[in-house]
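Could you build all of it, start to finish, from the sequences and the hints given here?
The numbers in this note's numbering rise by one with no breaks, and the one at position 29 of the sequence shown is 29.
I should point out that these hints are in silico values taken from the structure, not numbers from a laboratory.
Don't be surprised by glycine CBs; every beta carbon is placed ideally from N, CA and C.
Treat each hint with caution, since some may be false.
Label pairs and their computed distance ranges (CB to CB) [unchecked claim]:
hint, residue 1, residue 2, range
1, 199, 327, 46 to 56 Å
2, 199, 87, 40 to 50 Å
3, 326, 60, 50 to 60 Å
4, 208, 336, 30 to 40 Å
5, 343, 87, 13 to 23 Å
6, 328, 67, 57 to 67 Å
7, 342, 273, 43 to 53 Å
8, 146, 330, 50 to 60 Å
9, 166, 103, 21 to 31 Å
10, 334, 312, 16 to 26 Å
11, 89, 338, 20 to 30 Å
Straight-line distance between alpha carbons at most 16 Å, and here's what the computed EDC-like set of lysine to aspartate or glutamate pairs gives [claimed, not checked]:
hint, residue 1, residue 2
12, 271, 281
13, 271, 306
14, 339, 281
15, 271, 332
16, 271, 235
17, 271, 320
18, 339, 242
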Amino acid sequence: MGRVGHGLEEANHARAKDEVMVIERTYLKSLTFSVAVAFGIGAGPTLAQSVQSPNSQIATLLTKANAGDAQAQANLGYAYENGQGVTQDYAQAAEWFRKAASQGNADSQYELGMMLALGRGVPQDYAESAELYQRAAAGFHMAAELGDAHAQGSLGTMYAFGLGVHQDYAQATSWWRKAAEQGNADAQFELGSAYAVDGSEGVAQDYAQAAFWWRKAALQGDVCAQDSLGGLYEDGNGVPQDYAQAAVWYRRAADQGDADAQYELGMLYYKGNGLPRNNIEAYFWLNLAAAGTNKPAGTNTRMDQDDHEKHANYANSRDEAASHLTKPQLTEVQARARKYLSEHPHM
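See below:
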């Protein structure tokens with residue numbers, strides 16, 4: 001299938017018509033930053049790099065958070081939000097974000113605002129969510145004016161979605177550019193995404209610019225940028241069509257647990273585009289993709305419904321690849337998939 005529509009799925013999230021779906025997409029994208037913040041491995045207000053185990057880091061965070069350290073409270077919220085070093089617990093995440101938010105921590109105001117809008121870990125409350133977004137926007141604006149790249153990127157996202165401020169794509173892309181030029185990977189991805197769409201986000205459509213900014217973010221490990229850059233190479237938008245390069249970037253994202261990239265990588269193997277045709281490898285990646293989009297029953301949001309449809313599509317492709325394998329081959333590749341998942345526990 002044409003990859004650009006799928007490859008820009010993340011890029012198109014700002015145009016989603018359903019407000020909750022928009023917020024969910026923002027929320028999911030923020031989790032990449034959240035993990036980095038909680039464990040000191042990325043841009044933004046991080047912990048000092050250390051050789052501590054996650055459990056030791058959590059113990060240190062808890063001590064500081066209980067002593068009233070707002071950044072530690074925020075980082076503990078991120079840890080609970082993502083299940084990093086602790087059992088995932090949205091209610092605990094919200095509690096720690098609320099403590100930090102009450103001390104003026106803009107990141108926590110933003111995260112708690114999203115959780116309130118989604119009803120995730122807390123009762124849904126659009127009024128309090130809007131109030132928190134306004135407070136977060138004010139805090140980010142002060143820091144952004146002082147040159148803080150994380151604040152600039154976050155403020156850009158708030159302008160893009162109209163969270164706590166009037167929606168203004170020109171302002172969004174302006175702040176993203178300031179952050180992107182300082183090396184902020186999230187902002188680089190968002191700016192690239194603005195260039196990839198139809199010119200409705202403050203800049204004219206320009207796939208070459210999308211590729212330029214996505215590459216910068218992808219080289220920093222941004223999984224959405226890696227997947228999207230793979231899509232540009234597969235379709236030849238902004239870069240020469242190159243299935244082998246598409247496979248390289250899909251593989252990087254796939255190894256970070258991105259189900260869409262796993263699917264696309266599996267399809268390259270299945271079709272023999274840029275990679276030797278290999279039904280075993282196709283099944284391996286398509287099986288992971290189907291598992292990664294298999295949501296539990298009872299989730300009814302627009303985004304969950306989309307994932308259910310995506311899962312059905314990915315499962316059909318997986319089963320098609322499986323039809324070309326012998327029973328011993330299936331048994332072997334399924335065992336390999338289980339081993340792979342055990343080695344990548346956060347997928």
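Item to check | Which numbered hints fail | outcome: Of the numbered hints, 7, 13, 15 and 18 do not hold.
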